[in-house]
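Novice: From just these sequences and the hints, can you work out the full model?
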Amino acid sequence: MNDRLGRFGRRELTALTAICTLIFGCFSTEESGIFDTGNRLHFATLIALFVSVTVLRLAANALERAGADSLGGRLALFPKPVCGAACVFGVSALLLGATLPGMRFIRAMTDFIYVEAEPARIALYCVPCLAALSMLGMETLTRTARVLLPLTLAAAVFGLGSDVPLYRFYRLYPLLSDGMRLVQQSAVSLLRFLPVVLLLLSCARGAQGWRNVRRAGTVGMLLGGALTVVAELCLGMSYRYTELRELSAPLYRLMLEIDTDNASVRLDRVVLFVWTMAALFASACAVYGAALLTVECFSLRDVRPFAMLFAAAVVTAALVLREADDLGRKLPYLRPAGCAAALIPLAALLMRRRNSCKRE
Amino acid sequence: MNGTGRGHTVRMNPFRFDEPYQRFELLETERGTPDAPKQTNDPPDPIPKEIPQRLSETETLLKKTFCGAENSDLILRPFRIGNKVEALAAFLNGMADADRIGRFLLGPAQKATLDPLALRTPEELQKAVFPLDESKCSDAFDAAVAAITEGQTAVFLAGERACLLFDTRGYVSRSVSEPINETVVLGAHEAFTENLRTNITLVRRILRTPRFVASLLPSGGKNGVRLALLYLDGVTNRRLLAEIRKRLAAVDADAVLSVGMLEQQIEDYSWLPLPQTLKTERPDRVAASLLNGKAAVLLEGSPIAIVLPATLGLLFSSAEDAAARRPVGTLLRAVRAAGAVVSVWMPAYFLALTEHHAGQLSGEVLSVVLSSHVMVFLPLPVEMIFLLLVFQLVREAGVRVPGVVGHAIGIIGGLLLGQAAVAAHLVSTVVLIIVALSGLGNFTIPDYSTQLCVAYYRVALCVAATFGGFLGIGGMTLLSIALLASAKSFGVPMLAPFAPAARPVRPFLIRRNPLRRAPDDIANAEGRL
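In the order they appear, the protein sequences are chains E and W.
Mapping of the first sequence onto the working numbering: position 75 corresponds to residue 75, and the numbering continues sequentially without gaps.
Mapping of the second sequence onto the working numbering: position 319 corresponds to residue 319, and the numbering continues sequentially without gaps.
Please note: incorrect hints may appear among the correct ones.
Simulated restraints, written as ranges between beta carbons of each label pair [unchecked claim]:
(1) E:ASN61 x W:ARG238: 33 to 43 Å
(2) E:ARG121 x W:ALA408: 40 to 50 Å
(3) W:ILE47 x E:PHE158: 51 to 61 Å
(4) E:LEU175 x W:THR429: 51 to 61 Å
(5) W:PHE377 x E:ASP36: 54 to 64 Å
(6) E:ALA154 x W:VAL335: 12 to 22 Å
(7) W:ALA253 x E:ASN61: 54 to 64 Å
(8) W:TRP271 x E:VAL157: 29 to 39 Å
(9) E:PHE112 x W:ASP252: 55 to 65 Å
(10) E:VAL88 x W:GLY234: 48 to 58 Å
(11) E:ASN61 x W:TYR456: 34 to 44 Å
(12) W:SER371 x E:LEU309: 43 to 53 Å
(13) W:TRP271 x E:PHE112: 31 to 41 Å
(14) W:TYR456 x E:GLU118: 23 to 33 Å
If you want a taste of the chain E side facing chain W, the calculated C-beta under 10 Å gives, among others [to be verified]:
(15) ARG10
(16) ASP111
(17) TYR114
(18) LEU133
(19) LEU136
(20) VAL147
(21) LEU148
(22) LEU166
(23) TYR167
(24) TYR170
(25) VAL270
(26) MET277
Derived from the structure by calculation, the hints contain no laboratory data.
For glycine and all other residues, C-beta sits at the position ideal for the given N, C-alpha and C.
Specialist: What follows is the structure in structure tokens.
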């Protein structure tokens, strides 16, 4: 089978996990409901992060005990209908994870940078990148992540750090809005790190052992998640929750607030395009993960046709969602259902293990 | 890039399915963190102290010590002294003067008449037979080996546990010219010549160890020239050597006239613009690379060696980095990296700013750009790409025209042509400055092939910036990084030891290691790779 998985080390996998967590964390939220009665996004993100890390470690442990070398390989042992259904849900979660950042970046570009450009023309630049990156395979993606991580971190630090004089703590009020119950609900709806978990479980074979997956996954998710929380706190200290409800591309807006009247060259767009590169990269990782899961579940021969197909599908979906603005805003509400469905394969694995233990 | 093509060459074939993962891999291990490809072999056996009594045993031992099965430099010449005493002369071809050996060792030995009743101790034979002034007797085998590597000739006698050492050193010392393309201020000033034997000797003079192997092989071309595969036994990875030998054996060409032609036959990716081997004309650079676990190939008739595997760090390292003090060396590397960044991205960044993101520039800067461009009839992107290509034109003309005229063309092209072009409103001054800065940055890259690759890549980036602004630059940069991350040179990833992180972690592009860790950093390559 030509799965283009290759082999990669812990540091590369950590870098990839951190970038994906940061991008899916910062650019997959579109829930205006989260700001209904106050800004509880950072708390929800923290809970979602710890839930996701726990799910990753539990699933990795379960798969290791079951003797599987990857999620797809394990699912392939189930009866075809069960395997097919689980695969569809897993692939959907990954592709949805890849679509939402793309949709947000296309929207940001058409709103702020290429104001007169057609979104489809912008998407034309994304398709070859996404397809080529996902076809190059996981080994290449992990090595690219090592190069891209310092750039992404520098862009994040510059983008958030340059606004420090504008931050005001009082804008975070009311801190917990309606209390912990709503925070918990938000956290469940914000299982936006699930594509990262699925990606890590699918690519475990290339990481040369589940131990590496657990360690790289935990460190990478905590690093990326911490940055996500910091970014959300910075946003919360810059805009009141009533403003955040209406803002699109708030992280880019944040950079526009800097007073650069005396500077010869502004850097906000450079920072935005570093973010865009990171977003394209994270989407490519998710697309590759989806293609790999499909190939392994259905014992197919080559990952590349699916990578190409999914890349085109992701960009098309991002365009459609961007056009149908209303649908785009509603779709994230469907994600809890998608995420819950994606948990089915994991649950099935755990149950199967428990059953086999009982039989023993 | 998976797949197989003609020979070993990796070709991209998106329509071929079910290809197994069969690329040659050197770096990855099963331990989670990839290892550096430096030696995983068993440590070499220590050199014995005693000289065997039998000549056949001595010969076997010498062959083993000097890797005689592969090392064609070791000459073992059996002869008789006075037609009575069996002897064996051992010396290294190129290091010892063959004429001197013939006239003062082998000739007198065969003509000598020995008294059958006299004792034939080595000391007596030394006095009676050989008319060489610098000679001595030794009973230690390791001392004999050290002397042979120095260029001396050891004569072993049958039934004796001692040998005679004669000073026959006679390697080439001049007619070797200065490097033309890799000039340095602080390093050595000698370069390879077209003579294969001389070139091997130049390296052997720096690496005086019996572990240095120069294996002579056919080049594979129908013109029948030979090549030499150089490596340090016990340092260079055996799997790497086996792969290089396999690829060299697979070469099948009408003619192999230069190392460039050979390189194309053995490299991993024919479509990658970046060179996958380091071409150097400096023996000290080859020696330093060999100490770091690499291999080198010399071709008869070619004054350039190829060092493999090459990584990005090696391509950006210079021969004199190690000669500079550590902070200065690190600073030099940083300047070089900054020069490369300016060379690659500055023209495209300027185009993206002026064509798509003018709002990012302050009013003053924008007015300077516009006022300098106002009389120029060419659009800004065309002007930029035109000037970049003119720069390449001047450069190519300067390289092809010999000597002083070449320098003059560079000056005329740079000053007069630029001045005249501005005066004729063909180009604007701002664009001229940007292209000049980019060109200067390009010249800080030490490797010529990498310079060329960067020069044409920046034109491609300019095209992307013209059409897509920062989005075009970002997309193309991302794809380029990914292609670079996927590329390997003889099984070693081009971005190693940074991506993947090879153990032990060593400097990649900028930080220079202290010399106490030599030989890891003697070439200021990227460490042990």
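Novice: Output the numbers, in ascending order, of every earlier hint that fails for this structure.
Specialist: The structure conflicts with hints 11, 16, 22, 23, 24, although it agrees with all the remaining ones.
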